[in-house]
Amino acid sequence: MRKLSVLLILVLVVAALPAFPHSAAKAQAGNTFTYGEYGNPVKLDLADVTDGISALVGLQGCETLTNFDGSTTNPIPNLAKSWTTSDDGLTWKFELVDNAKFTDGTPFNAEAVKYNFDRWQFTTNPAHFAEDVFEYYGTMWGGFDDASIIKSVDVTGDYEVTVTLTAPYGPMLNTLAMPFFCISSPAAIEKNGAQYGTPEVGFVGTGPYKFVEWVSDDHVTLTRNPDYWGEVPGNVDTVVFRIIPDAAARYAALQAGEIDAFEGPNVEDIKAIQGSDSLYIQMRGANNVMYLAFSYRIKEFRDVKVRQAIAMAINRDEIVKAFYPPGAEVATTMLPPSLWGFNKDVPAFKYDPEGAKALLAEAGYPNGFSEVTVLKVGDNNQVTDQVDKTMPLTLYYQPVQRPYNPDGQGIGEAMISYLADIGLQAQLGSVGDWSAYLDERVAGNLTGLYQLGWTGDNGDPDNFLGYFYAKNPVPQEGYYENAQVGQLLLQARTLTDQAQRAAIYNQVEQIQHDEVARIYIAHTGVALAFANRVSGYVVSPTATEYFKTVSVK
Amino acid sequence: MGKYFVRRLVEAIPVIFGVSVLVFMLLHLIPGDPATAMLGERATEENIQGLRRQLGLDKPLYEQYIVWIGRLARGDLGNTVRGNIPVSNEIRNRFPATIELSLAALTLATLFGLPIGVISAVKRNSLIDTASMFAALFGVSIPIFVLGLLLIFLVGVQLGWLPFVGRLSSGVQIGRVTGLYTIDALLDGNWSAFKNAVEHLVLPAVTLATIPLAVIARITRSAMLEVLNQDYIRTAYAKGLRSRTVIVRHGFRNAMLPIVTIIGLQLGTLLSGAVLTETIFSWPGVGKWLFDSIVARDYTIVQTMTLIIAMIYVSVNFAVDVLYAVIDPRIRY
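Chain order of the listed sequences is A and B.
According to the numbering used here, the residues represented by the first sequence are 857 to 1409, in order.
According to the numbering used here, the residues represented by the second sequence are -16 to 316, in order.
Wrong hints could be hidden among the right ones.
[To be verified] Listed next, the stretches of chain A that the computed footprint assigns to chain B, with coverage defined by at least 3 CB atoms under 8 Å from CB atoms of chain B:
| # | region |
| --- | --- |
| 1 | 988 to 1002 |
| 2 | 1116 to 1126 |
[To be verified] Between beta-carbon pairs, the in silico distance windows are:
| # | chain 1 | residue 1 | chain 2 | residue 2 | range |
| --- | --- | --- | --- | --- | --- |
| 3 | B | T161 | A | P1248 | 40 to 46 Å |
| 4 | B | H11 | A | K1232 | 25 to 31 Å |
| 5 | A | S1391 | B | F121 | 35 to 41 Å |
| 6 | A | G999 | B | H11 | 26 to 32 Å |
| 7 | B | L170 | A | T1012 | 34 to 40 Å |
| 8 | A | T1240 | B | D59 | 37 to 43 Å |
| 9 | A | P1082 | B | T161 | 32 to 38 Å |
| 10 | A | N981 | B | L170 | 52 to 58 Å |
| 11 | B | P312 | A | A986 | 41 to 47 Å |
| 12 | A | N1091 | B | D171 | 45 to 51 Å |
| 13 | B | G1 | A | G895 | 32 to 38 Å |
[As the list claims (entries may be wrong)] Restricting the straight-line Cα-Cα distance to at most 30 Å, the calculated cross-link-like pairs of lysine-lysine (BS3-like) are:
| # | chain 1 | residue 1 | chain 2 | residue 2 |
| --- | --- | --- | --- | --- |
| 14 | A | K970 | A | K1047 |
| 15 | A | K1409 | B | K178 |
| 16 | B | K42 | A | K1327 |
| 17 | A | K1127 | A | K1161 |
Calculated from the structure, these hints are not laboratory results.
No residue lacks a Cβ here, since even glycine has one placed at the ideal position from N, Cα and C.
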């Protein structure tokens, strides 16, 4: 028995041996910048993805024709050094840089640009592989083949491409700056086929960093491209993306020196990081919105007084203070204030439960209500007068954390209690996980109030308002219907003069406020945490952040 | 024995087939699909349908099943729905990580669980017994997330004793042979890489080992108690054999059957991946990958991995049964 105990002790000692001051727990010495990512990239062929992680990784080496300028969403030249537009807005001529090379040695030129655009657009293109899903191309350019707003991309010089459109397209330069439209090496795509962008192959671009390796769910390593054509203001030679799914673990990793920066600290940790001597926070400018939508199938919600009462009942100031990171603000319209087209004259709904109760009484509900009447939907997604069913008043909360919604359930519970204060007895509705929630939303089955939001893609108001309301009524927007809003937004999309477009968006925002189309709750930035050894990181509201500006001590 | 092996193999086929059908049906029954998950807030009726067509999800269910199972039968694990990446590559990258962590956790659990269980049984109702069983209860009760984060902040951040992100520090390279970094580093003769790999293994393995350790300790104690009450034990003592001989050779050996079963089951569970531990320690194994794939409704990954996990359980159960025959000569198949 004694021998067994001795054995036990020995085992314990041996097991403890590795514990003593251990090797490289620090982020690498030298000029390595280690960024803690919250998930694995999906693929590094950026045209084939929609997630921000793949985009941030790929963007460091795969470049776009235009870039976003610093912390703004203003497009500036990049691989396209200048451009001209025809008077009718249908023809764009881009002059390209003539000294860029892909990291496989092949030249960047007009042919390479045409190759990429044709590959995305035409489903019959040999490099448009059967498994490819160029979803962002379809969304931003109107569709594939003839449905695309791009009629043709032509090589009109070694370093000149001419893009001909079927209609003027206001967001052109902003869309070109999106990482998903970066220019990959045609030779690399030809060589690797549908495997281009997978962990074994990575990406081949013209950018300041080139792909070294990708170990799934562990890390991606990039190293400096010595032949980069442009300027590299920073001093980083090696970029490592370490994949750390848990936010608390990412914070711990930053404290321990395992990483130099990360995105998305828990809201509770932000204050601690701000108060630390060795760490600091930068906030990406708010480029999103969280809202509470109405299902217009509900008879009670079709009365603007009821919608207004609900808007006045919810204390958005308190919600933002309680649930959102510092710097978040209450939303007055769909557009975040930093976006051009934002109408600063649209007032916020005042929190006024008494006023809300009075409005409800005027609408015929002096005692509030706890049940709602769901109407049937007829042809063309128009809501009819026929009753489908009655059901309890339900507020559906988002089952997953999103950048614009840090705590769907918590916020939902708060909202329910505000509604109860004015006599509206609502219950919290849950619909499975994120995918199930989206399914129900698209089918128009979230018959009640439902939470959702949006993060902007390209710094253009059309990407917010146009995307949601240009075509209405549709099931996924709760059958919201306003023909005037639809027409105005379609018109704004085809104009190229920013002032004219801004005026239209202002008008739409005012209309939506007056009719209480939706209750916009908050805009929030996204926090990034850094170790003091990092400088020069420029945050971007669209998360298009170029590491070439970063320096490490 | 040979006939037994063949019979077990044949019996396994309907089990695996049944699992494949069940998982396929369940996956397609729950709301949401890869198209919706991929499109997120951008989802509209049109782009969902377009994407479904492109991914072949508009075909009848039986056709989709036949395509998948037919490919599998030819050894083709298919490509992920998101990103179109060969599933075999993804598994090859992730499974060794899970195997390494599972083996480490199970080794710790067994190494400590068995002696604790034996000592507790021998010194029944003593302070050691009470303390051990309390510790076992604690191990089983504490949420993995809490334990893991506690260890990270205490051992990793405050004390700085051990790393807690991934399997290796940045920049450490190991030539890949088995994919188990500890073994590969030894094969490489790379002592510092071996040390680095072991350091990264400690915290997640300790976290993951708490539940199996508790279970093994308790089962061992129960099994030993039952055996120690037997007449032959009393006879052995009466014959003048040393205490250690009686307990280990006569007691423990005869108690092993239920213990081996439990260890086998624990191995099966561990090999199917430990989502929580992998998440906290950023361990690139199959557990978190499978969880993420369910959320993303990546049908190919979920269906294929579930089948693989079923096959692992079947194999582990078979191995345990074979071990029975080795341990207990009275058992013959």
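Status of the hints after comparison with the structure:
no. : hint                         : result
1   : 988 to 1002                  : holds (count 5)
2   : 1116 to 1126                 : violated (count 0)
3   : T161/B / P1248/A: 40 to 46 Å : violated (57 Å)
4   : H11/B / K1232/A: 25 to 31 Å  : holds (28 Å)
5   : S1391/A / F121/B: 35 to 41 Å : violated (46 Å)
6   : G999/A / H11/B: 26 to 32 Å   : holds (28 Å)
7   : L170/B / T1012/A: 34 to 40 Å : violated (58 Å)
8   : T1240/A / D59/B: 37 to 43 Å  : violated (50 Å)
9   : P1082/A / T161/B: 32 to 38 Å : holds (35 Å)
10  : N981/A / L170/B: 52 to 58 Å  : violated (46 Å)
11  : P312/B / A986/A: 41 to 47 Å  : violated (59 Å)
12  : N1091/A / D171/B: 45 to 51 Å : violated (32 Å)
13  : G1/B / G895/A: 32 to 38 Å    : holds (33 Å)
14  : K970/A / K1047/A             : holds (18 Å)
15  : K1409/A / K178/B             : holds (28 Å)
16  : K42/B / K1327/A              : holds (29 Å)
17  : K1127/A / K1161/A            : violated (40 Å)
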